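**Student:** Given next are the chains, with one letter for each unit.
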Amino acid sequence: MRKLYHRIRQIQGNVITVEADGIAYGELAEVHGTRGASLAQVIRLSGSRVSLQVFAGSRGISTRSEVRFLGHAMRVAATDQLRGRVFTGNGTPRDRGPVLKDNLIAIGGPSVNPANRIIPRNMIRTGIPMIDVFNSLVESQKLPIFSVAGEPYNELLARIAMQAEVDLIVLGGMGLKYDDYLFFRNTLEEHGALSRSILFIHTASDPIVECLLVPDMSLAVAEHFAVAGERVLVLLSDMTNFCDALKEIAITMEQIPSNRGYPGDLYSQLAARYEKAVDFETAGSITILAATTMPGDDVTHPVPDNTGYITEGQFYLVGGRIEPFGSLSRLKQQVNSDTRADHRAVMDTMIRLYAEYRESIEKQSMGFRMSAWDEKLLGYGGLFEERMMDLGVNIPLEEALDLGWRTLAECFEPGEVGMKSNLVAQFWPKKAS
Amino acid sequence: MSGKTKHGTVVGVNGNMVSVAFDTSVMQNEVAYVVLDDGRLKSEVIRVRGDEADLQVFESTGGIRVGDTVEFTGELLSVELGPGLLTQVFDGLQNPLPQLAREAGTFLQRGRYVYPLDTERQWDWTPGIEPGATVRAGEAVGTVPEGIFEHRIMVPFSWQGEWTLKTVTEAGPLTIRDTVATAENGAEERPITMVQTWPVKIPITAYREKVLPTEPLVTRLRIIDTFFPIAKGGTFCTPGPFGAGKTVLQHALSRHAEVDVVIVAACGERAGEVVEILREFPHLEDPRTGRTLMDRTIIVCNTSSMPVAAREASIYTSVTMAEYYRQMGLDCLLLADSTSRWAQALREMSGRLEEIPGEEAFPAYLESLVAGFYERAGRVELHDGTRGSITIGGAVSPAGGNFEEPVTQATLKVVGAFLGLSRDRANARRYPAIHPLESWSKYTGVVDPGPLRQARQVLRQGNEIAQMMKVVGEEGTPLTDFVQHLKGEFLDSVYLQQDLLDEADGSTTSERQEYVFAKVLEALRTRFELADKDAARSFFLQLRQHFIDWNFTVWDSEDFRQQERKLEALIAATAAAEGGGRERLEDGA
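These protein sequences, in sequence, are chains A and B.
All letters in the first sequence, in the order written, are residues 2 to 434 by our numbering.
All letters in the second sequence, in the order written, are residues 1463 to 2051 by our numbering.
Hints were generated in silico from the structure; no laboratory data involved.
On a predicted model such as this, the values are computed, not experimentally measured, just so you know.
Every residue gets a Cβ at the ideal spot worked out from N, C-alpha and C, and that includes glycine.
Among the clues, some could well be false.
[Unchecked claim] So the derived label-pair ranges between C-beta atoms look like this:
id, chain 1, residue 1, chain 2, residue 2, range
1, A, 119, B, 1571, 18 to 28 angstroms
2, B, 1571, A, 229, 13 to 23 angstroms
3, A, 229, B, 1659, 37 to 47 angstroms
4, B, 1664, A, 48, 50 to 60 angstroms
5, A, 380, B, 1928, 21 to 31 angstroms
6, B, 2003, A, 429, 49 to 59 angstroms
[As the list claims (entries may be wrong)] Computed cross-link-like contacts, DSSO-like style, restricted to lysine-lysine with a CA-CA straight-line distance of at most 27 angstroms:
id, chain 1, residue 1, chain 2, residue 2
7, A, 377, B, 1995
8, B, 1932, A, 364
9, B, 1932, A, 377
[Claimed, not checked] Here are a few chain B residues that sit away from chain A, every Cβ distance over 12 angstroms (derived from the structure):
id, residue
10, 1472
11, 1540
12, 1629
13, 1639
14, 1652
15, 1754
16, 1816
17, 1830
18, 1843
19, 1981
20, 1987
Same shape as in the complex, but just chain A (with noise of 0.2 angstroms):
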């Protein structure tokens, strides 16, 4: 039986301080206040000092409320039956099923080690013409959507998780709307893919540690499984939210802020989160894709900024549509040299004549004069964007470089495009007569 401490000596913000002994750095505890038992974490010793952030809130925590230590730190059941089920940050089900406590491993564990690892080679057909012709996905990959508040990331998301061919999908939801959340849900059971899916969820009205656990919780369970074979695809949705309430706690301890609020390891918690995307050479991968939403568009804000240094690219989502410019695959090189002969030069040349046809509408705007190459250009630009950056377009990558290639063949004569003469050869449709 262990030891139930009574004399709590401080309670600030999130963060209660018991005196105790023997206590381990990161052990969990059981606080019971007057509005029921909440898990808590060590997060400072000092002494007998022990300081725990409590999961929900220390709201209703008196000064002899009863702190009971578990002996361990964070875990996470890793069983076959966590799929198709939902839970809260911490763990608890958040639907009717039972709560799980076999093989509980704990979360939060270390990197792989660098020499393991292997350059990725797989692509994930995702349907998007933006995404696979443009900024190919690769297995592995870690990848934020940038956008704004309002924007619809979820959607994409989730239309990516439903397409591409993966054998688990594990959803960390932070600070989801309900409303949000009740779509993620509602979108895997219509297709028949929550079966094969894990839901972590904190709502925006769940206390706000709890959002703290969601990426690891949800990473150590994609772990499991990739070690054991399977290609996972983690949803972190998000990333902004996770920060905030990293900067909440980290002021509440007094740290010293270094940006905007934000706590000095900012960089180094995200890339703690976003490493554990893996191509594992025997056995499965995690691809991460998270929603980062950007506080006034600015994509210098700490945590695009912190998040743009770790990812392995990103995709700026803009007016419901992927923007060419500014959107990176880092990884593409990797895998859109084996997909067709024509997938690099029909993606340099689309792009290239979309960025002079974005000159050209600003040429207009300014009453310049247009030439006849802006005229087609205008053509071209409008056809781009109906045809490739709609994401309402839903087709494979072989029918979108024909339809490039059909595109630029509408628009333009071939001597104009500044494509390999022996592509235009092979590719370039036939005038129908």
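Chain B: place on chain A using the hints.
**Tutor:** Relative to the frame of chain A, chain B by itself:
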């Protein structure tokens, strides 16, 4: 050195910092181990206050309890130096990662340490000096072959004064722990082995003097060697926002730079990037030696998800190994990607120590640490008259891509060349995205300064006209200005931009650079007969295409000469007849 071990007791834990009560004495930056049931966690003393010492732990601190035992070693954080460092992949504390993977499996387990060098391998020892000779720290007593080099076995750098060699072991296969010689200084006699230990935070100074870095370090990147050159023994930094191509640039440098040894310090960056080097270098041939690129490379990798305190150490581990190879008269290049992550590690620790923060919460001593690191670069004359050098190139990842932040500013003060990467150039796919107007270098490069000033002037004028055209439009720009603008664009696209993935274009030797630069300059000096703007645009597009095709040909091949004749013909056909078709280029300031 060891003697009796001193002990202490944990009294507090805060993140990766542990406070320890001790009763005897501790030394600043001493290595200590926190003893747990599942292993001993390496740590370093970073502050002493009263009878409490604060330690940064190089591992995850979960599970440490108040009352746990701490062992102090009495030694500073050190690395092992000896043959076998090349081709290795280490973590920030010099644990060999492939060996660790074999022993511990897929994941990095805390508290596991592996000796960095192979203690069983036999090296072919050749003595280079007779017994009775007088030697001092850093002097070679013999050699062993390591890859392409004669690896000098040197008198330990920590020995003071003059020593007389008593015995020298005969030539033959020996392990690194075997005695290769013995020496005495009148007071005591010591053995010399192939391996020695050196504390990472103290520079090795066993040389006669530092000399000026005057010889260019050829990187085979045109924009660097011609416009913003680096010198052997110099320093440079490559700040840039994410997505501007810092890592691609560093990879290109690690591949093509004409130096003997390259040390890649992957400090707090993505693991995937190291993996590319790890998996590709053993299969890439070094054109200068015919061996693989790995043979001249050491990778020190403490990626972003590995413990943050070891990230801080990794920078020093790397530079110490560079100094070791410099002592053999070799030219070393240290590429640190990224020094901002190192600075962030310092910031995290400073925060835990509750020090008064400087700008953006970086510690006030950031500048002196950055300066101290870059000052370990340099070209030196060794005691035997040979010369060796360390060139340090640091990537900087400024928050929000804003160069006004503390790490970039602290770095700019101490480096000899600034290669600023620009997001605009990266977005326009102008690679390498080094900004041609904002970057600078204090070193001399492969072309003469006169023509270089002219080329710079062309770029500057072209840019000014481009700015003006944004306001007045193309119609409002006179033809002469428009041509000037096109010339700037031409220089940019055929010379500054380079396809780093292409076999021929990606690596331009200094000889070729001189040759091509002269040809480009000739085109810039020529006054062309152009009827109107459309004619000008299409002519320069054609000229550009000719030069780019030329860049993609193999140097001095038949294709190369053929393409050269083609572009010469094009220039001649369009050049204005009167006055030889030349116009004087203004000399820039």
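**Student:** For every hint, state whether the structure bears it out.
**Tutor:** Hints, verified against the model:
1. 119/A x 1571/B: 18 to 28 angstroms: holds, 20 angstroms
2. 1571/B x 229/A: 13 to 23 angstroms: holds, 20 angstroms
3. 229/A x 1659/B: 37 to 47 angstroms: Because 43 angstroms falls inside the window, the suggested range holds.
4. 1664/B x 48/A: 50 to 60 angstroms: violated, 35 angstroms
5. 380/A x 1928/B: 21 to 31 angstroms: holds, 27 angstroms
6. 2003/B x 429/A: 49 to 59 angstroms: violated, 21 angstroms
7. 377/A x 1995/B: The hint holds at about 19 angstroms.
8. 1932/B x 364/A: holds, 9 angstroms
9. 1932/B x 377/A: Between residue 1932/B and residue 377/A the Cα gap is close to 22 angstroms, so the pair holds against 27 angstroms.
10. 1472: violated, 8 angstroms
11. 1540: holds, 23 angstroms
12. 1629: Nearest chain A Cβ is 40 angstroms from residue 1629/B, so the label holds.
13. 1639: holds, 25 angstroms
14. 1652: Holds: least Cβ distance 36 angstroms, greater than 12 angstroms.
15. 1754: holds, 17 angstroms
16. 1816: violated, 7 angstroms
17. 1830: holds, 19 angstroms
18. 1843: It holds; residue 1843/B is separated from chain A by about 38 angstroms at its closest Cβ, greater than 12 angstroms.
19. 1981: holds, 23 angstroms
20. 1987: Residue 1987/B clear of chain A: closest Cβ-Cβ about 28 angstroms, beyond 12 angstroms.
Violated hints, in rising order: 4, 6, 10, 16; the structure is consistent with all others.
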